[in-house]
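Peer 1: Sequence:
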Amino acid sequence: MAGRYQPLWPFADEKQVRDWQESYRSGGHQPWHLDAEQTALSFTQGFLGFTGVDQVVKRTVTAGDARVSVGIRGEGGGRPGIAAVIHLVRFGTGPDAPWEVVGTDDTTFSLTTPRYGALVSSPVTVGGRITGVDESIRVDVRATGSARPLGGRCCVSAGGDDVPWSATVTFRAAPGRTLTLVASTGGHVAEVERFTVTGVRVAR
1462 MAGRYQPLWP
1472 FADEKQVRDW
1482 QESYRSGGHQ
1492 PWHLDAEQTA
1502 LSFTQGFLGF
1512 TGVDQVVKRT
1522 VTAGDARVSV
1532 GIRGEGGGRP
1542 GIAAVIHLVR
1552 FGTGPDAPWE
1562 VVGTDDTTFS
1572 LTTPRYGALV
1582 SSPVTVGGRI
1592 TGVDESIRVD
1602 VRATGSARPL
1612 GGRCCVSAGG
1622 DDVPWSATVT
1632 FRAAPGRTLT
1642 LVASTGGHVA
1652 EVERFTVTGV
1662 RVAR
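First residue of the sequence shown: 1462, per our numbering; consecutive thereafter.
Careful: at least some of the hints might be erroneous.
[Claimed, not checked] Label pairs and their in silico Cβ distance ranges:
1) Gln1491 / Asp1595: 33 to 43 Å
2) Ala1579 / Gly1488: 31 to 41 Å
3) Val1624 / Asp1566: 11 to 21 Å
4) Val1650 / Val1522: 27 to 37 Å
5) Gly1489 / Val1594: 46 to 56 Å
6) Gly1578 / Pro1625: 20 to 30 Å
7) Ser1597 / Gly1507: 34 to 44 Å
Everything labelled a hint here was simulated from the structure, so no lab data went into it. Backbone N, C-alpha and C define an ideal beta-carbon position, used for all residues, glycine too.
Starting from the given sequences, assemble the full structure and let the hints guide the process.
Peer 2: Right under this line is the structure:
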């Protein structure tokens, strides 16, 4: 985990992981941390606030790595649409090492600027590429332990085939803190239909 990935949610660092492991071993506290699918849905609905994205559409889980596709219900009971492919890894050591969200895979909607793991300061320019029609992109800055966004920008109009998009966002966060930058779009059949995230740290 160290150096390669940014710990986005639910744990901010290894101390929080160890504290949870102790409480789990002694009293079975919050067993959902051992379930990659539940962690992905909780990240989407609880941390990001995308309550309408409530389906696990697909999953690929190995011993230490998982990719969980979350989505929205299909129109008229049809096949669910994929909103994002969430990447998770095991955080910590031992057979009860919990799952941690570290990012999303690029699909038809990406967030590539700033680069993953970059040091940032406010204001930050956020951007990527998108394929879609009449898209309206919202950008939020979030961090573990904060119920509300630390900053945001709404909305950026975009549309076309693999076209660039960008926005400048201001935020307030302590130096050294890990941030989740999240971009979302929707409004055709649901409030949020697709989203993408990246992890960065606040420059000291």
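Peer 1: Could you run down the list of hints and mark each one as holding or not?
Peer 2: Results of checking the hints against the structure:
Between glutamine 1491 and aspartate 1595 the beta carbon distance is about 41 Å. The supplied range of 33 to 43 Å therefore holds. For the hinted restraint 31 to 41 Å between alanine 1579 and glycine 1488, the CB-CB distance of approximately 39 Å keeps it satisfied. At roughly 19 Å, the beta-carbon separation of valine 1624 and aspartate 1566 lies within the given 11 to 21 Å, and the hint holds. Between valine 1650 and valine 1522 the C-beta distance comes to about 28 Å, which sits within the given range of 27 to 37 Å.
For the pair glycine 1489 and valine 1594, the supplied restraint of 46 to 56 Å holds, since their beta-carbon distance comes to about 48 Å. Evaluation of the 20 to 30 Å hint for glycine 1578 and proline 1625 yields a pass: the beta carbon distance comes to about 21 Å. Checked against the given bound of 34 to 44 Å, the beta carbons of serine 1597 and glycine 1507, roughly 24 Å apart, lie outside it.
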